[in-house]
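**Q** Those protein sequences? They're chains A and B, same order as listed. For reference, each letter of the first sequence is one residue, going 1 to 738 in this note's numbering. For reference, each letter of the second sequence is one residue, going 1 to 314 in this note's numbering.
The hints are simulated quantities; they were obtained by calculation from the structure and are not laboratory data. It should be emphasised that the depicted structure is a prediction, and the values quoted were computed from it without experimental measurement. You may find that some hints are simply not true.
[What the hints assert, rightly or not] A few chain A residues that face chain B, going by a derived Cβ cut-off under 7 Å, partial list only:
1) Thr-160
2) Val-453
3) Leu-455
4) Thr-459
5) Thr-462
6) Arg-482
7) Phe-489
8) Ser-497
9) Pro-509
10) Arg-514
11) Met-684
C-beta atoms are modelled at their ideal positions from N, C-alpha and C, and glycine is treated no differently.
One letter stands for each residue in the lines below.
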Amino acid sequence: MTDVSPGVPALPDGPALADRSAGAGGPAPADAGGLVLGIDRLTVAYRTADSRRLAIDDVSLSLGRSEILGVVGESGCGKSTLGMTILRLLPPNGRVASGSISLAGYGDLGRLTAEQMRSVRGREIAVIFQDPTTSLNPRLSVGAQLLQVQRAHADGAGATARQLAENAVSKLAEVGLPNPRHAFDRFPHEFSGGMRQRVMIAMALLFEPKMIIADEATSALDVTLEAQILELFLRLRDTHGTAFLFISHDLGVVSQLCDRVAVMYAGRVVEELPGDAVLATPRHPYTQALQAAVPNRRSRGQRLATIGGRVPDVVSSIDACGFAPRCIYAQAVCTASAPELYPEGSARVRCFAYAGSARGLFPASPVTEDWRRRAEQSAVAGSELPTPDPDHPLLQLAGLAVHFGGAKSRFPRGGKPVVRAVDGVSLSLERGRMLGIVGESGSGKTTLGEAVVKLLPATGGTIRFGGRDVTRMSHRETFAFRRRAQMIFQNPYSSLSPRMQVGQQLMEPYEIHRVPGARRRSVEDLLSAVDLPAGVRSAYPSQLSGGQARRVGIARALVLEPDLVVADEPTAGLDASAAASTMNLLTDLRDRMGLTVVLISHNLSLVTTCADEICVMYLGQVVERGDTATVASTPAHPYTKALLALAPDPEHSGRLARRRLLVAGEIPSPDSPPPGCRFHPRCMYAQDVCRQEVPPLVPVAGGDTPGHVAACHFAKELQAGLLAETAAVADAVEPAPS
Amino acid sequence: MSVQATQQVLVGEAGAAPYEPRGMVGFARDVVRRPAGAVAVSLIALLVLAAIFAPLITPYNPDTINVANTLAGPSLRHLLGTDSLGRDNFTRVVFGTRIALEVALPSVLVAFVVGTGLGLAAGYLGGMLDKVLVVVFDSLISFPAVILGLALLSFLGPSVKSVVFVIGLSLMPYYGRLIRAQTLSERKNQYVKAQRSLGASRGRVLRKHILPNVVPPLLVIVSMDIPTAIITEAGLAFLGLGVQPPTPDWGVILDDGFVNIGTSPWEIIGPIVALLIMTTAFTVLGETMRDVLDPRQRLPRRRLFGRKLAALDD
Chain A
1 MTDVSPGVPA LPDGPALADR SAGAGGPAPA DAGGLVLGID RLTVAYRTAD SRRLAIDDVS
61 LSLGRSEILG VVGESGCGKS TLGMTILRLL PPNGRVASGS ISLAGYGDLG RLTAEQMRSV
121 RGREIAVIFQ DPTTSLNPRL SVGAQLLQVQ RAHADGAGAT ARQLAENAVS KLAEVGLPNP
181 RHAFDRFPHE FSGGMRQRVM IAMALLFEPK MIIADEATSA LDVTLEAQIL ELFLRLRDTH
241 GTAFLFISHD LGVVSQLCDR VAVMYAGRVV EELPGDAVLA TPRHPYTQAL QAAVPNRRSR
301 GQRLATIGGR VPDVVSSIDA CGFAPRCIYA QAVCTASAPE LYPEGSARVR CFAYAGSARG
361 LFPASPVTED WRRRAEQSAV AGSELPTPDP DHPLLQLAGL AVHFGGAKSR FPRGGKPVVR
421 AVDGVSLSLE RGRMLGIVGE SGSGKTTLGE AVVKLLPATG GTIRFGGRDV TRMSHRETFA
481 FRRRAQMIFQ NPYSSLSPRM QVGQQLMEPY EIHRVPGARR RSVEDLLSAV DLPAGVRSAY
541 PSQLSGGQAR RVGIARALVL EPDLVVADEP TAGLDASAAA STMNLLTDLR DRMGLTVVLI
601 SHNLSLVTTC ADEICVMYLG QVVERGDTAT VASTPAHPYT KALLALAPDP EHSGRLARRR
661 LLVAGEIPSP DSPPPGCRFH PRCMYAQDVC RQEVPPLVPV AGGDTPGHVA ACHFAKELQA
721 GLLAETAAVA DAVEPAPS
Chain B
1 MSVQATQQVL VGEAGAAPYE PRGMVGFARD VVRRPAGAVA VSLIALLVLA AIFAPLITPY
61 NPDTINVANT LAGPSLRHLL GTDSLGRDNF TRVVFGTRIA LEVALPSVLV AFVVGTGLGL
121 AAGYLGGMLD KVLVVVFDSL ISFPAVILGL ALLSFLGPSV KSVVFVIGLS LMPYYGRLIR
181 AQTLSERKNQ YVKAQRSLGA SRGRVLRKHI LPNVVPPLLV IVSMDIPTAI ITEAGLAFLG
241 LGVQPPTPDW GVILDDGFVN IGTSPWEIIG PIVALLIMTT AFTVLGETMR DVLDPRQRLP
301 RRRLFGRKLA ALDD
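Next comes chain A alone, as it looks inside the complex (with noise of 0.2 Å):
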């Protein structure tokens, strides 16, 4: 039902209606300072073929003009369910059961026909969803989809398509879109992901909305581009005084741009704290769960906390605290009466362990670090490990490269360019060790796993496992291995076969290899091995929950008990504390079972937390790799450093706008790579000679660290601090789109 979302903030319902909604504009604009949106008491129920659910149950917020608001928490716990309740957009089955929201210069919004809400939408709030791709008209150009928005709106009567025409593109500009007159007559297609988020924001622009509702708006992009929209919002934010209620899952992005946050639990606000506060002090045992659940650099080695149990489904209002039955501190108060937001500090959080007479009932305040030590004490203890063995690794690129297409075509100009999608990539791994794989989408990540377990072909180099070459192998060769060498794929649902039951899909491996039943595990057995419940096997894949599918294809992937496992995305789509467990599990399926993991990920914190080495690839090639902890304490390639920078740091929890953004403009596409060093249009080091040479992948100076190499002509000065910046990069870099 997320396509009952419409594409386009404020779709235009035709000229009849726009015309009508000119004479109900409204009243006066909104007052100058103070309160742009309060949100009072709001309660709001689905309903659904039996029963009914509260998504949100009786939230109070507020948003000042220019405030950035945060809202977090697991999915199911209503945050998005706010946005459209703001914007009276919510499915047939939803209602606002009692409360109000009420808008600067409005008032009561509940009250407002349903035209003249019609004209708050887009001029007075905008939206920007999570995917810009679906949210734009792939027939229309931008600027078309542009010019649409404005003539819906009262607006375009006075003004000449021209005058119009030009607010498009002023927008555009302010966006940072490269090229904004050309970028007009663009259609959606031709632009990347990133421009695209930023094509969507220049639509919310258009009228200079008070507010902005940000619906997990940079959940879809890499860091790199998150953190770039992020300060373009706090640019529009100083320069227009725009209000944002930005809506996400991510605490540690929440917390590098929100003044002020409000974590949200099975529709409740839990807690209320200051931006700044979120990773330093958060005080709801539910934050500072869901903040051990996310891995930051000081996480390495360490197993990620993970919350028993899932967010309920509330079907009423419920006289506790939702969260006591997952709460490591719940006392027999939590589940007796509900709590209250308490003031503590500059938060107000909703735990008795903050209210002044119910205080002495829990032995100390909460602390993140509680969490974090039952997770440590969860970890199973490993056996007889293979020991690794340096001369002989399980796995050994050389020179691995795999191209697409470059096909000659019998029409001039017929042909596609060549997509050098990996090029020329070399490691090696040892058995029992996990390698991360770390780069923006586009570096060719999962292209390389997928050549590591031959599902695609190589075009150049080896692949040796365990001494035999994959691309050379025979047909018979392949299927045997196949049973040693498996895939985690990036989607869970997508990877499992929608029409076949759990228990049966796990058997399948067995069938194909025609294993003996004496040697079969069983359903059960397999599903426990992944903490899953026996019952899952009668599921069908549709009825799983994200991290459960994860599990099962986790599962199917171990059926055959491979040497190496390549998980591409284990986390992606997961909640924090789902994405927690899959990590433990596969951390301890490396230390139980020797298991060898290839882990791919465009999370620098994940891959630092979990993965004994790292590879950073940049446009199909390896820009630094080594052992973790070298990697991480001292990068030596500019992109490793940048990635490094803009992972959420507890003890560096500051704003966004008081870093440096250290990574400029979009990954190129893989057809034509940049000369010399690829990395060098973004890097803000860049010197002549990066333009021209090749930078060698050569060890990094230093002896005590075996096997850290790096591409770059400056690894040296860069580990020792010594690099000037150069002024070449700004966010004018950006590529045209092509």
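Starting from the known structure of chain A, fit chain B onto it as the hints suggest.
**A** This is chain B only, laid out in the frame that chain A set:
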């Protein structure tokens, strides 16, 4: 997101499993539980029973000529009167159900099986085979079914078998094209890649994974095509190219009754009503199956047309 959550069946980590596997039995139950589905299934059951027990339902033989009592009006002895040869109209309509089903079911089955096979091959194997099959499908579709029938039947000679063949052939390319398109889109899913990474052969992936995903949506079309087949069959018979008189076929009866429509309109009422029931029942069944198969249709639908927009505001 929140709406999704309300639809998703989630389970507690440790709780008992409330999963409700919905195999063929569950699917059938879901269909019958809907009022429309129940009505459609009962009507179809009625027609099938009528076809099986035709001799027990009426005391007459459909072919017995009674020259003394031609073109009689309805009476208690002859519910729908008699035709120009004095045969009981009602009896002939009831026996006609047999021919209708005898032709419709096998022809749709043939179209379905052959179309599915060719469509799967075209979609999954691709290459030259795909190109050739697409041309074949498109060429067959470009002939109207009746024209194709006229051409082939004049060549094959009219008989139940050739009618089955002709109708099957005219429906087959639609199935082929649909299955091909579905296979192409299924093939892109990661589960196909996942199976390959486990070492599964192409045939196994097709049989165990792609086939179960492309066929269910087609059941809807199968159900809706049965009336098409019946009407085509009756049409061909009406034109004198299908089943031949004196076989009690709805098309034959219509043809015969048409001549006497001025004096005795009773003769055509029987086949018309029978065709109506049969067509409606199978179409409604198809629509119900579609509703059950498509989870999006399970949401409460209260408002229609323009009012739906207003509903977003309320």
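**Q** Indicate, hint by hint, whether the structure satisfies it.
**A** The hints, checked one at a time:
1. Checking Thr-160(A) against chain B: minimum C-beta separation of about 30 Å lies over 7 Å; hint violated.
2. Taken as an interface hint, Val-453(A) checks out: its beta carbon lies about 6 Å from the nearest beta carbon of chain B, inside 7 Å.
3. With a least beta-carbon distance of about 6 Å to chain B, the hint placing Leu-455(A) at the interface is held under the 7 Å criterion.
4. The restraint placing Thr-459(A) at the interface with chain B is violated, with a minimum CB-CB distance near 19 Å, outside the 7 Å limit.
5. Checking Thr-462(A) against chain B by beta carbon gives a least distance of about 20 Å; that is not within 7 Å, so the hint is violated.
6. About 4 Å separates the beta-carbon of Arg-482(A) from the nearest beta-carbon of chain B, less than 7 Å, and the hint is met.
7. Checking Phe-489(A) against chain B by beta carbon gives a least distance of about 5 Å; that is within 7 Å, so the hint holds.
8. Satisfaction of the interface hint for Ser-497(A) is found here, the shortest Cβ-Cβ separation to chain B being roughly 5 Å, below the 7 Å cut-off.
9. At a threshold of 7 Å, the smallest CB-CB gap from Pro-509(A) to chain B is about 5 Å, leaving the interface hint in force.
10. Of the supplied interface hints, the one on Arg-514(A) is violated, with its beta-carbon coming no nearer than about 10 Å to a beta-carbon of chain B, more than 7 Å.
11. With a least beta-carbon distance of about 37 Å to chain B, the hint placing Met-684(A) at the interface is violated under the 7 Å criterion.
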